[in-house]
Each structure stands twice: as structure tokens, then as C-alpha cells.
Amino acid sequence: MRREIPLIITTVAGLVFAVSYFIPHWPFGEAESIFGDWVAIIQAFAIWLGALNLVKVSLEKIYRKKEDALYAGIIIVCLLLTIAVGFYDGFTGGPQSSFRDTGTSFDWIYRFVYTPLTSTMFAMLAFFVASASYRAFRARNFEATLLLIAGFFVMGGRVPLFHLLLKPFTDVPYFSEFAGWIMAYPLTAGMTAIMIGIALGIMSSSLRIILGIERSHIGGGA
Amino acid sequence: MAQKNSKRISIVPFVIVISFFSLIIFSQSIQAQTEQEVFDSVQALIRQAEAADIPPAPVMKLQAVDNPNDKGGAIIVSWDLSVDDAEVKAYQIVRSESKDAGFELIGEAVRGNNTFVDNKVEDGKSYFYRVLSMKTTLEADNTVRAVSSLQATVEPVVSSAQWFYMTRASCLFFVLLISCAIIFYINKAKSGADIYVRKIAGIDAVDEAVGRATEMGRKIFFIPGIQDMNDVQTIAGIAILGRVGQLAAQYETWLEVPVSKSLVMVTARETLKEAYTQVGRPDAFNQNQVHYLTDDQFGYAAAIDGMVVREKPATIFYMGAFFAESLILAETGNAAGAIQIAGTAMPSQLPFFVASCDYTLLGEELFAASAYLSKEPRQLGSLKGQDFGKIIFMAAIIIGVIIETFTNYNVSQYFKVK
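Each protein sequence line maps, in turn, to chains C and D.
Reminder that position 55 of the first sequence reads as 54 in numbering that gives the first Met the number 0, one-by-one numbering, no gaps.
Reminder that position 84 of the second sequence reads as 83 in numbering that gives the first Met the number 0, one-by-one numbering, no gaps.
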């Protein structure tokens with residue numbers, strides 16, 4: 000029964016979702032929102048599993064004095080500190096206020112610690128794009144050369160410099176027009192092909208799950 | 000000299016007379032002009048007052064119909080714009096259950112809009128609608144005066160739920176066709192028919208990647224994306240984790256799965272435990288192999304980057320749904336010298352993985368990977384059915400392009416799904 004019950008739930012839920020796409024009438028039309036609510040409730044409770052696991056793993060690292068015990072310590076301190084500040088703001092703010100209101104200590108942590116850290120990580124993307132582009136654009140074979148040429152024209156069409164270079168000869172923005180053509184036709188065609196493949200893959204994968212052929216996600220082999 | 004003086008004396012009265020008459024004419028013209036201006040401004044005020052009282056022309060061709068292809072509870076009210084649309088401030092939609100009385104305002108559509116969806120109706124009840132084209136004027140005492148003209152529906156409208164999305168009929172046809180093909184090939188494979196599946200380099204490299212980690216005595220990282228278990232990509236990733244887990248258990252290599260969602264942690268843990276058990280190594284499984292980091296996208300990326308830099312894993316798998324963090328993770332792994340295999344169905348992230356990873360499963364290959372690795376006939380049969388779907392789509396595209404290019408039949412309209 001440990002296997003059968005999850006399989007039955009998966010099959011029923013999968014079929015209801017598939018049918019609800021084509022039948023708007025009750026109860027099928029409501030299925031998505033009902034299941035969505037259930038998922039949200041389960042996720043809300045499950046967050047504790049994650050938080051407790053994080054604490055457990057971090058404490059073990061500190062106890063065993065592993066190489067990254069220092070980072071584990073920082074995680075524990077930051078986690079507890081943020082929870083404490085949130086509770087403090089929640090209890091001292093009065094019934095009409097929230098710990099997330101502007102001006103609270105929790106808000107300060109969010110704006111001046113969390114947001115800059117997140118922005119920093121996101122900003123690093125610029126450097127990673129540069130290094131990845133350098134590797135991708137090395138003309139080692141025909142495909143890479145093609146990519147290099149396409150990249151040259153698309154980038155050239157996206158910045159005003161190339162248009163300025165052509166300015167003495169013509170006012171027609173050839174670079175940006177060609178870049179637009181590459182984006183509108185070859186790129187869209189390629190993306191559409193990938194999207195069709197993905198749709199078929201999802202369909203095939205879903206059928207395997209609904210029919211109970213694929214069971215890895217419920218802790219079982221095929 | 001005397002002659003000259005006498006001439007001068009004779010001009011003076013003449014100049015005086017002319018000046019006098021000029022002054023009279025000038026003053027009269029000013030007076031007339033002022034009177035004309037006053038007259039004009041009074042006329043303008045009268046016209047303005049009259050115009051303020053004249054409502055804009057009513058809307059035309061007002062109709063209300065049940066919203067098609069829905070679960071009920073909605074009526075679409077539409078109209079042709081008033082000819083005075085430029086003056087209209089808003090179209091007010093009022094509703095009543097009787098034809099002549101009890102109308103209540105239910106919403107407004109701003110100038111230029113000719114549709115309103117009433118989502119607050121009960122199925123089975125009859126409703127009458129009126130639309131008022133309304134304009135406002137600012138009075139001298141700063142009060143706003145509104146005037147409007149109305150147009151009413153004649154027939155009552157009733158909303159109801161439909162049993163089928165007619166606009167999705169073509170989609171249903173293809174879903175059934177391809178599903179039948181997949182089931183047909185699954186059954187064919189079950190009956191023992193030989194199923195050929197093309198080689199997928201990225202999946203074939205899984206063995207090599209796990210073996211490399213074993214030889215180097217380093218860890219394997221498996222990153223199942225940042226989406227939860229309700230995303231089919233995460234499910235596909237977890238399915239691949241099962242196969243990778245079996246190999247890791249056989250080779251006795253440490254496989255670590257840092258996750259960003261609690262439910263993924265629970266599922267991955269069960270999957271991995273089962274995988275270790277299936278190859279006879281349940282003792283080698285450690286719960287801490289699967290651990291939670293954070294739900295936050297960049298926090299997750301930062302934590303994994305730190306682990307990769309410190310622990311230098313030999314192999315990293317990225318299997319699931321990824322967003323902007325994909326390149327941050329893959330480039331760090333690349334810099335750490337790990338062999339990297341990625342698979343995602345996020346088209347915008349595929350170029351990043353292709354640039355930074357050794358092997359990339361493009362879209363559909365992610366979903367095929369689990370079946371491919373399992374070598375189980377029924378699963379391989381489903382891949383064959385998927386290929387049948389591709390043939391159908393390729394044929395449809397070619398035929399569609401020919402028809403659309405060389406004929407006047409607008410066949411694409413029959414395949415639009417709303």
C-alpha cells in the first residue's frame with residue numbers, strides 16, 4: 000500500500016488536471032485553484048522541514064569542526080537573529096502593525112542586508128556572461144563560427160556604436176535591421192522547435208507518471 | 000516769410016479737425032470691438048452651458064452575451080463606441096434583474112474601450128444591461144457635473160458554465176492522437192518488440208561522469224533546480240537523480256543533493272534511499288546527502304557556489320528548472336574544473352548551459368533521460384511515441400507552410416488555442 004496510494008493519488012490528480020484543461024464546468028474548472036491551495040498549504044508547513052534540516056546540518060558541521068564550520072555558524076547566527084528581530088518587531092509594534100512594515104528592524108535587515116546581497120549575486124552575472132561568451136564564441140568549428148558571426152551582428156545591432164560607424168555612408172540602420180531579422184526568424188524558428196520538443200517531452204513524461212510507469216518521484220524505481 | 004507763416008496757420012485747424020474726427024472714429028471702433036468681444040464671450044458661455052447639458056451620443060449596437068468557454072459566472076457586455084467618444088469620460092455599465100427598474104452601477108470602461116466582462120453574475124439568473132456614455136464638466140463652484148446618455152439591452156442574458164472549451168478542440172485532437180501513439184508504443188515494447196532509441200550524448204556521459212568522480216575520490220553534486228515538486232522539470236530531475244544515485248551507490252561515491260525546496264528535499268531523499276536499496280547498498284545511504292539550503296534564488300546560488308569552490312566536486316549535474324542563477328552556477332562549476340551535465344526545459348537558460356557545461360540535455364532530452372537511463376522497455380516505448388508526435392508536427396508544419404504560402408485558405412485559424 001505504501002506504493003499504491005501515492006500512485007493512485009498521482010494518477011487521479013494527473014487525470015483531473017488534464018481533463019480540467021478541456022472542461023471548464025464545475026468541478027473540473029475549479030480543480031487547478033483547489034489543488035493550488037492544497038499545494039500552498041503543504042508548502043507552508045514543509046518550510047519547517049527545510050529550516051530544521053538546515054539547522055541540523057549546520058550544527059553537525061560545527062560539532063564535527065568541518066572545514067566550512069565557520070559558514071555554518073554564520074548561517075545559524077543569521078537565522079536566529081532574523082527570527083528574533085521579526086518576533087521582536089511583531090510583539091512591540093502593536094496589533095495594527097506588522098513586522099514587515101517600513102521602518103521596522105526586520106525591514107532594515109531586508110533593505111540593507113538582504114537586498115544588497117541579492118543584488119550582488121545578480122550583478123555577478125555580468126562577469127559570468129562575459130567569460131561564458133568568450134568560451135562560446137571561440138571559432139573552433141563550423142557551428143561555433145556561425146554562432147560567432149550571429150553574435151557579432153546581434154550585438155552590433157543592439158548598440159548604437161555600429162550604427163554610428165555606418166553613419167557617414169548611410170542612414171539606414173543595417174546592423175539593427177539584420178539583428179532584428181536574426182531574432183525574428185532563425186531564432187524564433189529554433190526556439191519554436193525546442194518548445195515543440197519540450198511539449199512532447201512533457202506529454203510523454205506525464206503519461207508515464209499517470210500510468211504509473213515512471214515512479215522515481217515517489218521514491219520508487221520504474 | 001509772411002507767406003510761409005500764413006500757410007502754416009491755415010493747416011493747424013485742418014489737422015485739429017482731422018485729429019478730432021479720428022479720435023471719435025477710434026473710440027467708436029474700440030467701443031464696437033469691446034461690445035463684439037463681450038457679445039462673443041457671452042455667446043461662447045451660452046454655447047458652453049448648452050454643451051454641458053448635452054450628453055454625448057449613446058453607444059451603438061449594445062449587446063450582452065454569456066462568456067463562452069468558461070466555468071460560468073461571467074457575461075460579456077460589448078458596444079460600438081459613441082460617436083462622441085473623444086468627449087466621453089467613461090462608459091458606465093449598469094445592471095438589473097428587471098427590464099425597467101433597479102439598475103445598479105457594476106463597473107466602468109474608460110474612453111475608447113468597448114467591452115466589459117461582468118464577473119459577478121449568478122448562473123441561471125436573467126440580467127438586463129444598460130451602458131451610459133458619460134461626460135463631466137467642471138462648474139464655476141468647482142463641482143463636477145456629469146451628463147450621460149444611455150443605451151439598454153432588450154433581451155435578458157443568462158450566464159452558464161460550458162462543458163467543453165471549443166477553442167481547444169484542435170489541441171485535444173493532437174493530445175489524444177499523440178497519447179494513443181505513446182500508449183501503443185508502450186504496449187508494443189511490453190510485448191517484446193525491439194525499440195530503437197537514438198543515442199543521447201549527455202545521458203551516455205552520466206556513467207563517465209560518475210566514474211570520474213570515483214577515480215578522483217571527490218564528490219558528485221546534483222542540483223535539481225529551484226522549482227518545487229509541482230513542476231514537471233523537477234520531477235524529471237528527481238527521476239534522473241534515482242539513476243545517478245544507483246551508479247553512485249555502486250561506485251561508492253559521495254553524492255550530495257543541495258535543494259531549495261523542502262518538498263523536493265523529502266522526495267529526493269526517498270528517491271535516493273530507494274536507489275541505494277535497489278543496488279543492494281542501503282547502508283551507504285546517508286540522509287544528510289540531501290539537504291536544504293534556502294528558498295531564495297540567489298541565496299541558493301551563493302550557497303552552492305561556495306560549496307563548489309570549497310569542496311571542488313568532480314561532477315555536477317544540473318537537472319530541473321533554472322532561471323538567472325543557471326550561469327552563475329555553471330560558470331563557477333566550470334572554473335572549479337568539474338565535469339558538468341545540465342538538463343533543463345527553460346529555453347532561455349539553455350544557451351548558458353551549452354556555453355558552460357560539458358553536456359547539455361536540450362528540452363525534451365531532460366524528460367527522455369530517465370527512460371533512457373532505465374533501459375526499461377515500457378519507458379523506451381514512450382520515447383518512441385514521442386518521436387511519432389514529432390513526425391506529426393513536422394508534417395503539419397510543412398503542409399501548413401505550403402497551404403498558407405500558396406493558397407488563400409487560412410488554415411492556421413483552426414489550430415489557434417485560446
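Watch out, some of these pointers could steer you wrong.
[Said to hold, decoys possible] The following label-pair restraints were derived from C-beta to C-beta distances:
hint: 1; chain 1: D; residue 1: Glu121; chain 2: C; residue 2: Arg2; range: 40 to 46 Å
hint: 2; chain 1: D; residue 1: Glu107; chain 2: C; residue 2: Asp100; range: 54 to 60 Å
hint: 3; chain 1: C; residue 1: Phe90; chain 2: D; residue 2: Asn287; range: 33 to 39 Å
hint: 4; chain 1: C; residue 1: Arg2; chain 2: D; residue 2: Thr404; range: 52 to 58 Å
None of these hints come from the bench; they were simulated from the model.
Quick caveat: nothing in here was measured; it's all calculated off a predicted structure.
Where is the CB? At the ideal position from N, CA and C, for every residue including glycine.
Practice problem: Report the numbers of all earlier hints that the structure fails to satisfy, in ascending order. | Solution: 2
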